[in-house]
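Colleague: Let chain A serve as the given structure and place chains B and C on it in line with the hints.
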Amino acid sequence: MIKKTAAQMSASLTSGETTSVALTQSHLDRINEVDSKVKAFLHVDGENALAQAAKVDAERAAGKKLHPLAGVPLALKDVLAQEGVPTTAGSKILQGWKPPYDSTVVAKLKQAGVVILGKTNMDEFAMGSSTENSGYGPTFNPWDLTRTPGGSSGGSAAAVSAFEAPIAVGSDTGGSIRQPAALTGIVGVRPTYGAVSRYGLIAYSSSLDQAGPFGRTVLDTALLHEVIAGHDPKDATSINAEVPNVVSAARSADVKGKKIGVIKQLQGSGYQAGVLARFNDSLELLASLGAEIVEVDCPSFEFALAAYYLIAPSECSSNLARFDAMRYGLRTGDDNGASAETVMNATREAGFGREVKRRIILGTYALSSGYYDAYYGSAQKIRTLIIEDYKKAFTQADVLVSPTSPITAFKIGEKSEDPIAMYLADVATIPVNLAGICGMSLPAGLADEDGLPVGFQIMAPAMQDQRLYEVGGALEAALVSKWGGHLIDQVPALGGAK
Amino acid sequence: MALTYEDVISKYEPVLGLEVHVELNTESKMFCSCSTTFGAEPNTQTCPVCLALPGALPVVNATAIESTIKIGLALNCQIAPYSRFARKNYFYPDMPKNFQISQYDEPICFDGYVDVEIETEEGPKQFRIEIERVHMEEDTGKSLHVGGATGRIHGAEYSLLDYNRAGIPLVEIVTKIVPGTGKYAPEVAKAYVAELRDILRGLKVSDVKMEQGSLRCDANVSLRLIGSDVLGTRSETKNVNSLRSVERAIRGEMIRHAELLNDGKKVKQETRHFQEDTGLTRSGRSKEQAEDYRYFPEPDLVPVAPDATWIETLRAALPERPSLRRKRLKAEWSVPDKEMAAMINADVLDIVEATVLLGAEPTKARTWWLGEISRIANEKETAIADLSITPADVAEIVALVAAGELTDKLARQVVEGVIAGEGKPSEVVTKRGIKVVNDDGALMAAIEKVCAEQAETADKVRNGHVPAAGALIGAVMKETKGQADAARVRELLLGHLGQATS
Amino acid sequence: MSSLSRDDVAKLASLARIEMTEEELVSLASQFGSILDAVARVQELNLDGVKATSHPQPIENIFREDLVLPSLTPEQALSGAPAQEDQRFRVPQILGEAE
Numbered sequence: 006m007i008k009k010t011a012a013q014m015s016a017s018l019t020s021g022e023t024t025s026v027a028l029t030q031s032h033l034d035r036i037n038e039v040d041s042k043v044k045a046f047l048h049v050d051g052e053n054a055l056a057q058a059a060k061v062d063a064e065r066a067a068g069k070k071l072h073p074l075a076g077v078p079l080a081l082k083d084v085l086a087q088e089g090v091p092t093t094a095g096s097k098i099l100q101g102w103k104p105p106y107d108s109t110v111v112a113k114l115k116q117a118g119v120v121i122l123g124k125t126n127m128d129e130f131a132m133g134s135s136t137e138n139s140g141y142g143p144t145f146n147p148w149d150l151t152r153t154p155g156g157s158s159g160g161s162a163a164a165v166s167a168f169e170a171p172i173a174v175g176s177d178t179g180g181s182i183r184q185p186a187a188l189t190g191i192v193g194v195r196p197t198y199g200a201v202s203r204y205g206l207i208a209y210s211s212s213l214d215q216a217g218p219f220g221r222t223v224l225d226t227a228l229l230h231e232v233i234a235g236h237d238p239k240d241a242t243s244i245n246a247e248v249p250n251v252v253s254a255a256r257s258a259d260v261k262g263k264k265i266g267v268i269k270q271l272q273g274s275g276y277q278a279g280v281l282a283r284f285n286d287s288l289e290l291l292a293s294l295g296a297e298i299v300e301v302d303c304p305s306f307e308f309a310l311a312a313y314y315l316i317a318p319s320e321c322s323s324n325l326a327r328f329d330a331m332r333y334g335l336r337t338g339d340d341n342g343a344s345a346e347t348v349m350n351a352t353r354e355a356g357f358g359r360e361v362k363r364r365i366i367l368g369t370y371a372l373s374s375g376y377y378d379a380y381y382g383s384a385q386k387i388r389t390l391i392i393e394d395y396k397k398a399f400t401q402a403d404v405l406v407s408p409t410s411p412i413t414a415f416k417i418g419e420k421s422e423d424p425i426a427m428y429l430a431d432v433a434t435i436p437v438n439l440a441g442i443c444g445m446s447l448p449a450g451l452a453d454e455d456g457l458p459v460g461f462q463i464m465a466p467a468m469q470d471q472r473l474y475e476v477g478g479a480l481e482a483a484l485v486s487k488w489g490g491h492l493i494d495q496v497p498a499l500g501g502a503k
Numbered sequence: 009m010a011l012t013y014e015d016v017i018s019k020y021e022p023v024l025g026l027e028v029h030v031e032l033n034t035e036s037k038m039f040c041s042c043s044t045t046f047g048a049e050p051n052t053q054t055c056p057v058c059l060a061l062p063g064a065l066p067v068v069n070a071t072a073i074e075s076t077i078k079i080g081l082a083l084n085c086q087i088a089p090y091s092r093f094a095r096k097n098y099f100y101p102d103m104p105k106n107f108q109i110s111q112y113d114e115p116i117c118f119d120g121y122v123d124v125e126i127e128t129e130e131g132p133k134q135f136r137i138e139i140e141r142v143h144m145e146e147d148t149g150k151s152l153h154v155g156g157a158t159g160r161i162h163g164a165e166y167s168l169l170d171y172n173r174a175g176i177p178l179v180e181i182v183t184k185i186v187p188g189t190g191k192y193a194p195e196v197a198k199a200y201v202a203e204l205r206d207i208l209r210g211l212k213v214s215d216v217k218m219e220q221g222s223l224r225c226d227a228n229v230s231l232r233l234i235g236s237d238v239l240g241t242r243s244e245t246k247n248v249n250s251l252r253s254v255e256r257a258i259r260g261e262m263i264r265h266a267e268l269l270n271d272g273k274k275v276k277q278e279t280r281h282f283q284e285d286t287g288l289t290r291s292g293r294s295k296e297q298a299e300d301y302r303y304f305p306e307p308d309l310v311p312v313a314p315d316a317t318w319i320e321t322l323r324a325a326l327p328e329r330p331s332l333r334r335k336r337l338k339a340e341w342s343v344p345d346k347e348m349a350a351m352i353n354a355d356v357l358d359i360v361e362a363t364v365l366l367g368a369e370p371t372k373a374r375t376w377w378l379g380e381i382s383r384i385a386n387e388k389e390t391a392i393a394d395l396s397i398t399p400a401d402v403a404e405i406v407a408l409v410a411a412g413e414l415t416d417k418l419a420r421q422v423v424e425g426v427i428a429g430e431g432k433p434s435e436v437v438t439k440r441g442i443k444v445v446n447d448d449g450a451l452m453a454a455i456e457k458v459c460a461e462q463a464e465t466a467d468k469v470r471n472g473h474v475p476a477a478g479a480l481i482g483a484v485m486k487e488t489k490g491q492a493d494a495a496r497v498r499e500l501l502l503g504h505l506g507q508a509t510s
Numbered sequence: 095m096s097s098l099s100r101d102d103v104a105k106l107a108s109l110a111r112i113e114m115t116e117e118e119l120v121s122l123a124s125q126f127g128s129i130l131d132a133v134a135r136v137q138e139l140n141l142d143g144v145k146a147t148s149h150p151q152p153i154e155n156i157f158r159e160d161l162v163l164p165s166l167t168p169e170q171a172l173s174g175a176p177a178q179e180d181q182r183f184r185v186p187q188i189l190g191e192a193e
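Protein chains in written order, with our numbering: chain A, 6 to 503; chain B, 9 to 510; chain C, 95 to 193.
Here chain A stands alone, though its shape is the one from the complex (with noise of 0.2 angstroms):
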C-alpha cells in the first residue's frame, strides 16, 4: 500500500479498500522499519496521526465529504510550527519547544484532514544543502545511504523516495526544495512567492523563503499545492489571488506549441556529465510531444549565487536575533550571578551549528554601516537584474528550463569543510529565489556515471504555477512510459518494503 502514490491512497480511501488508519499504520511500520537507516524524522507523532486518521475514517463513515487528501499521511518539514508537537528547524537552540500555535500550512493540511505523522529533518534553519547541518545529525539518501538526501528539506524528500510517506512539505530559500528533489528522484515543487502562507515558517530569510510540496508524481505534488496554498491575511506578503488550478493542469500535462526557454547560463562547466546528458534526453522527449525548444540568455545570473549569499545571511542575522534564551528554547550559562547579555552570548554559541554561525557573521558584516551599499545593496540592485532577465526570458518562453542541480547526490562529509563548494549546490535554484517566481524539479533518469538520480527543472512566472504542472505532467508521462514505471521504482528497497 505505501507504494502508490496519494492519489492512488486517495482512491483506495474513497472506495473504502482502505482506511486512513491502516494506511497510516502501515506508513508508522514502513518509519519503523527503515528510518533507523534514512533518519528523515526528528519525531514522529503516530498517535496524533493515528488519532486524526481515525477522525477522518469516522467522518468518511459518516457521510462527510472530504478533501481527495483527506486520510492521507504526509511528512512534515520541522521549519512549521505546529501546536504542542516538538518543532526545532533543526535547531539545538529550539529542542523541546513546543510551538502554542499552528502554522497557516500545518491549519490548512488539518483543516483537509491530512495525516502529520511527523516532522522531518533539516540543515539547521534551512542553512544549508545536504541535511548534514542539522543539529540531530544527518538525513541519508535511500539510494545510496553513504550520500546526502540534499537540503535544507533532505528530511521531507528522504521520506518521500523511501516511501516512509507520500507527500511532505518542505521550504525553499534557494532550492531547499527543488535540489534534494532532485537528488532522492522525486518531484518538488516551490510554489511562487506569497502563494504559500509564510505564517508558523520559521524565518531563514524572509525575502526568499517559501513552503511547498513534495511528491512521487507530479500529480501528488499538485494535489498537496492546492492545499496548503492560498492568501493568508496574517502574511502581509501573501499574494491576495486565486490559486493557479494545478491540480487540472497536472492532468491536462500539455506541452503541445508551448516554448521552452533553455538558459544559457545554467549548463555546461561546473554540470556532471550525466547531470547533462539526462538533461538534454528530456528536451528532446519535449521537443517529440510537439514543444519548441528555444535558447534564452539570463546574463545577470552569474551574480545569482554571489546577491544570494548576502540577502540570505543578511536577512538572518535579523531573524535569528530571537533565539536569545529569554522567552523560549535553550538558556544556558545562567549560573553565579551571569547577566543576560552572558547567557544570551552563552546560549547562541551553544544552540547555533558552525553553518549558522558563519551566516549570521557574514550577514552582520554585511548590514553593518560602510558595508551595506557595496555588499547588501549592491546583491539588492542586482536582484532587480535577474528579475529584469526573467522578465525578458518569460517574454521568449512559456517555461524556462534547467538541470536542477549541477551534481547528483554527493557523500555525506564530501563538501562539508567547504562552504563555497557546498554553496555551489544552489547555483540552478536560486534565481528563481531571488525572483520570487516558481519552480519545479521532476526526475529525469540516473546519471550513467553513478547511477543516481539528476533533477530537470522548469520554471515559470509568478502566479503562473500551473505550467510548471502542465509541462512537468507531460514530461514525466513521456519518461514514465519510456522507463515503463516511474523513477522512485528503482530505489533501493532498504528495509523491503511490503
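Honestly, the hints are just simulated from the structure, not real lab data.
The structure displayed is predicted, hence computed values, not measured ones.
Be a bit skeptical, because a hint or two may be false.
What the hints assert, rightly or not - The calculated DSS-like cross-link candidates involving lysine-lysine, where the alpha carbons are at most 25 angstroms apart (straight line), are:
# : chain 1 : residue 1 : chain 2 : residue 2
1 : B       : K486      : B       : K457
2 : B       : K96       : C       : K105
3 : C       : K105      : A       : K396
4 : A       : K264      : A       : K397
What the hints assert, rightly or not - Sample of chain C residues lacking proximity to chain A, with all beta carbon distances greater than 10 angstroms (derived):
#  : residue
5  : R100
6  : D101
7  : E116
8  : V120
9  : Q151
10 : D160
11 : V162
12 : E179
13 : D180
14 : Q181
As the list claims (entries may be wrong) - Chain C side only, calculated, beta carbon under 8 angstroms to chain B, not exhaustive:
#  : residue
15 : S121
16 : F157
17 : S165
Glycine included, C-beta positions come from ideal geometry on N, C-alpha and C.
Modeller: What follows is chains B and C alone, placed relative to chain A:
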C-alpha cells in the same frame, strides 16, 4: 565650579533637539491583534507575533497608519507617497525580536513645523520648531528588576518581563535642531511638548498621558559659545515624563554642560536619565562601542503608499490647531486670562464649546461646567467627561433659566438630577415637580397666610423694620416649596406690608 | 582579495551576541577571505541607476483592521519560558539600560 543659570546664558547659547514618543490609542497593537489596554495582568495581552515566537509575522494596523498621517498633517509635514518599515537591530531582553520594526530613511511624514508662543520679559514671543520627521515604530515590553536595594536595574539579581506593552504602536516625532531660543530654551521646549500634547489630544490619536508613559520626551541639549557657529557635543536625556520635567531637565543639562566646559572638560556624547526627585540627570551605562543598528528594509512588510485622496480626506477632517482655537474662543467668549487658563487646566474647553454651539451663553456655559459640574465631579472623584451630563443638557438648563422657568437654585437641582441619571433636564423638572411659582395670586395667598401666622413679625415690618421681612420671605419660600422667585416674593411682601421696595 | 581579521570576526560576533571560542574566531577569519571574494562579485557590475529590490512581489499597502482578537493565555505565552515567576518571564540580571 557651580554656575547659575544666568552665568550659563551670558556665555552660551543652547541648541535643542527633541524626540517625542507617542503611544497611539489604537484598540490593537501595531503588528498584531492583541489588546492595548493599559494595566492588564502581566502577559495576558501577548501572542506569537508580539512575543516573537519562531515563525510569527507582523501585519500593519491600518488605524495606526491613519493616525500617523494625521499627526504628520497636523504638524505641517509632507506625507511620503512611498515609505517603508525598516528593522533596527539591537539586542535587549524587553524587545522580543531583538530588532525593532521602525522606519529609517523613508519615514512616512517629514519636513513640518510647530509654532509655539511663550511669555517673555518683552511680552508674548513666538518660536517655530521645525519637524524633521514623524515615523512609526513599536513599543517594548516592561521589565521589573528584582533584588538589590533599589528595585532599579543596577544591583538587581534578576528581572521579570511582561510583554503586554511590546508592540503597542509608537509614533516618534523628531525636531530638527532648534537654535535661537537663548535663555528661553527650557520654556520653549516645555511649550513645544505642551502644544504637541494638545495637538495629539485634539486629533484623538493618543491618550497623551505623560505619567502613564503614553507621551515620552527625550531632550537633546548642547551648548555653543555665543557668536560661534560650532555646535557643541550633545547629551540625550531620557525618562522626561512631565511638562515640568522637560523644563527642569533642559535647564539642568545646560548648567551641567556649562560647568564642564568652563572647567575645560569635555561633554560626553551619551544618554542620560532624568531623576524626578532631584531634577538632575545621571549617566546611562556607557557602551564600549557605538551601536551599529544595521537598518535594512523590513522584508516581512510591504511598502506604505498612501494615495492622495486618502491624505486629502484626512487633511480636510483635521481639527483646528489648538493654539489658534484657544485664541479664537478667548476672543469670541471674551474670557479673562485667568478663566481661560482655568478652563484649559480643567480640560473643559471642548465641552464648553459644544454647549455654546447648542445655544448657551458662553459665560453661563463656562460657569456651569467649571463650577457646579466640576464640583460634583470632584466630589465623586471622577472626570467631568465621565458624568452622565451632556452639553445638550447644560444648554437646555441654561435656556430654562433664561426663560425664567428655573431659578439658579432650581437649576442646580436639575443638574444633580441629570447626573443622578434621572433623565434629560425636562424630565427631571417634571419628575421632581420643579417649577418656578410666578403666579402672583398664588404668591399673595402664601404671603397673606404667612403674615397672618406671624402677625407680630408682620407688624414689625409694617412699622418700618424692614430686615424682619427676611423671616417672612423664608416662610413664604418654604410654603411654595422653594419654587418661587425670592426677589418677586420680597417685592410683593414689602408692597403688601406698605413698604417701598427700592 | 577581501579578508577579515580574527579581531574583525570577534567584533561581529559580539554584535551578533555569540560568544565564540578562539578556535572558531580563527577558523572563521581564515574562511572569510574566500567567502567574501565569492560574494564581492556583486560589485563587479556597474549598478548605477539600478533600483534595489528588497521584495520580490510589487505589492503595497497591506494592512489589517484595528480589531482585537484573543491573545494567547499567559500559560501558553509562558509555556516555553526557561524560567518564570509571577506570570512573567524570569531572565538574568540586565546590565545595560534600555534604548
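Colleague: Take a quick look at D101/C and tell me if its Cβ sits farther than 10 angstroms from every Cβ on chain A, holds or violated.
Modeller: Check passes; 13 angstroms lies beyond 10 angstroms.
Colleague: Can you confirm whether the C-alpha distance between K96/B and K105/C stays at or below 25 angstroms?
Modeller: Since the Cα atoms of K96/B and K105/C sit roughly 18 angstroms apart, the hinted pair holds (cutoff 25 angstroms).
Colleague: Would the pair K264/A and K397/A pass a check requiring their Cα atoms to be no farther apart than 25 angstroms?
Modeller: Answer holds: K264/A to K397/A is near 14 angstroms, not above 25 angstroms.
Colleague: Just to be careful, I want the Cα atoms of K486/B and K457/B compared with a cutoff of 25 angstroms; is the pair within it?
Modeller: The given pair, whose Cα atoms are some 12 angstroms apart, holds under the 25 angstroms limit.
Colleague: Over 10 angstroms from every CB of chain A: does E116/C meet that, or does the non-interface label fail?
Modeller: holds (12 angstroms)
Colleague: Would the stated hint for F157/C survive a check requiring a Cβ distance to chain B of less than 8 angstroms?
Modeller: holds (4 angstroms)
Colleague: Confirm or reject: D160/C is not an interface residue toward chain A, with every Cβ-Cβ distance exceeding 10 angstroms.
Modeller: holds (14 angstroms)
Colleague: Once the shortest beta carbon distance from S165/C to chain B is found, is it less than 8 angstroms?
Modeller: holds (5 angstroms)
Colleague: Is it correct that the beta-carbon of D180/C has no partner in chain A closer than or equal to 10 angstroms?
Modeller: Fine: 16 angstroms to the nearest Cβ keeps D180/C off the interface.
Colleague: So is V162/C really clear of chain A, every C-beta pair being over 10 angstroms apart?
Modeller: holds (15 angstroms)
Colleague: Beyond 10 angstroms from chain A, beta-carbon-wise, is R100/C?
Modeller: Its Cβ never comes within 10 angstroms of chain A, the nearest being 12 angstroms, so this holds.
Colleague: Does the nearest C-beta of chain B fall within a distance shorter than 8 angstroms of the C-beta of S121/C?
Modeller: violated (24 angstroms)
Figure legend: structure checked against the earlier numbered hints; hints not met, in rising order: 3, 9, 15.
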